[in-house]
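A.B. asks: Chains as they are written, first to last, in my numbering: chain A, -6 to 110; chain B, -6 to 110; chain C, -6 to 110; chain D, -6 to 110; chain E, -6 to 110; chain F, -6 to 110.
For the record, the hints were derived by calculation from the structure and aren't laboratory data.
Among the hints, a few may not be true.
Pairs involving identical chains hold if they fit within one copy or between any two copies, as the list cannot separate such chains.
Here are the simulated DSS-like pairs of lysine-lysine, each with C-alpha atoms no more than 27 Å apart in a straight line [unchecked claim]:
#1 Lys107 <-> Lys22
#2 Lys107 <-> Lys97
#3 Lys97 <-> Lys22
Number of protein chains: 6
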Amino acid sequence: MSEGIVEQFQIQREELNRLVMAYAGQGTKRFYSLDSQAYRVGALPTKIKEMLGLVASFVLRCDDCIKYHIIRCFEEGVSDQELEEALFIGLMVGGTITIPHQRKAMQAWDELKKNKK
Amino acid sequence: MSEGIVEQFQIQREELNRLVMAYAGQGTKRFYSLDSQAYRVGALPTKIKEMLGLVASFVLRCDDCIKYHIIRCFEEGVSDQELEEALFIGLMVGGTITIPHQRKAMQAWDELKKNKK
Amino acid sequence: MSEGIVEQFQIQREELNRLVMAYAGQGTKRFYSLDSQAYRVGALPTKIKEMLGLVASFVLRCDDCIKYHIIRCFEEGVSDQELEEALFIGLMVGGTITIPHQRKAMQAWDELKKNKK
Amino acid sequence: MSEGIVEQFQIQREELNRLVMAYAGQGTKRFYSLDSQAYRVGALPTKIKEMLGLVASFVLRCDDCIKYHIIRCFEEGVSDQELEEALFIGLMVGGTITIPHQRKAMQAWDELKKNKK
Amino acid sequence: MSEGIVEQFQIQREELNRLVMAYAGQGTKRFYSLDSQAYRVGALPTKIKEMLGLVASFVLRCDDCIKYHIIRCFEEGVSDQELEEALFIGLMVGGTITIPHQRKAMQAWDELKKNKK
Amino acid sequence: MSEGIVEQFQIQREELNRLVMAYAGQGTKRFYSLDSQAYRVGALPTKIKEMLGLVASFVLRCDDCIKYHIIRCFEEGVSDQELEEALFIGLMVGGTITIPHQRKAMQAWDELKKNKK
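Construct all of the structure, not just a fragment, from the sequences and the given hints.
C.D. replies: Put into structure tokens, the structure is as follows:
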């Protein structure tokens, strides 16, 4: 059932980002560039920063943001157990209201793992 | 139009719950079991507890959580008027931002009633 | 330590409500009157409605709203155990982020009980 | 890709509003009527009020509410640049978690502009 | 009772901003500068932008942010009625959970008006 | 000015936790114990888990929760720069609405550092 949700998300995201940028003023553009700066390696490695971004998106319950950081965490080499422990913290802090987002997060994670094989 | 949204939701929920559980650690499993404990009969009957869960989900604006508790409220014998009064409290507390969720809640409720006949 | 938090809250609430009403237009006034209508007895008794308002306020994490409904629940004869079960649902749905509000809720509840004796 | 998202939204909204109203009590009906009152011309013109409603919906991250106010802003003659400046404030106040909603907002806006030509 | 809440807020805000800046990295500093850019006159006048910032802060229920924008709205010449209409939209969108914030908003507004005389 | 906010918080937290536990049912008690389990060393070290808890609390804007995790991060040896990078991610994800919480977070952090000397 979950065949291709990651790819689908990436194509739509790309397409709509182009639309946003066509209308964007200087402020919006700077905001987007500041955002990518936040996840660059510093005192903390990018892997940890992506897990921070994931848990922040998780408790704020934004499926697209979660999907984005799930993909990035996968690319940065986060393990199954590290992901599970990070999302368990999100689950405790954010409560059962986050459960539907956990389902979709794990669906994307599972697809990423299967596609890699 | 709304033919089958309840059933569709239940099938997808079931399928993804299995996926979540395949990755879940002990903490996550305990959290899920604690969740079902919260709605068991106690000083308050399950019917009232499900209405509390519904209104909590409603003001936090989670469509899947609302759908789940709408189904449970229906199973526990909540009447049309009881539901309306509970959601009116949610509407007042949460404001017009909850209206799209009210639409989907009533769509699921209406389907449950029609399927029963 | 918690001596008088309920009374303090009620005095300040009263005073500031007068100020809000001094500036309020017709719409705001109607909104306030609609709000009190939501908790009047209907298919559901006021006691249950106040518990619904409490749990909604709890998961949305508004201390003043929680305090208001804690007082109303107390006046409507909610028992210790009924309160505990309702807030446990709020805790599960809303997560650990609600814990500081649970502390203040129980502080107000405890004061109400002690003042009654 | 975005062909018809505005029309689709309007048809579904209409249909589900009828369902909500079929179940609605007096309080819910009054709440809906109070809502439309809030955007009527007063000291502030409707155009500004719709932008206020848009930014409020944007930071609360409700796609349907955003779509509704995007349409209303378009009807009230909000310009591309006015929209961009309003949503940039929303983006700053609400953070990157609002970005997926910005994408959908601009998709609806772009469709409205293309349909008009 | 409300003597000096505006001044108190401004002194504490100033002091803590200095502390934040002492620890701030380049990204945080750019974020703060982008924030002030968002409210500069453009296609929309600063007065309207401050009202947008106020309503965004109001529905997200942040007392300090509301206080800041209430002061800025006052400085930009927003009238009593314009403020009331803007906050009524916030009240409708955000629901009764915003009422405690409305109380504090009007308390600050009332103090600003009295201090001016 | 910030003399003793950490100690004050810890005393009040301790006192109110005792009150919560006096009323707590079995479910609430299990929930609290599950919470402390979430931060125990696993695939991720406690230090990273506390930073995840901090950023989750930060974007959900709960001052008491932030204070708690700021203290724990300090105890786990998080550096100034690591803290700054983690909170910058929170600032980007959560937007300017988190700024008042950033102020209080840095106030507590600064006090912890000064008390240690």
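A.B. asks: Hints first: check each against the structure and report whether it holds.
C.D. replies: Going down the list of hints, with the structure as the test:
1. In this assembly of identical chains, the alpha carbons of lysine 107 and lysine 22 lie at most 27 Å apart only when taken from different copies (24 Å versus 35 Å within one copy).
2. Proximity of lysine 107 and lysine 97 under a CA criterion of 27 Å is satisfied intra-copy only: 15 Å inside one chain copy versus 30 Å between copies.
3. Taking the shortest Cα distances, lysine 97 and lysine 22 sit within 27 Å of each other only across copies (17 Å), while inside one copy they are farther apart (29 Å).
Hint compliance for this structure: no hint is broken.
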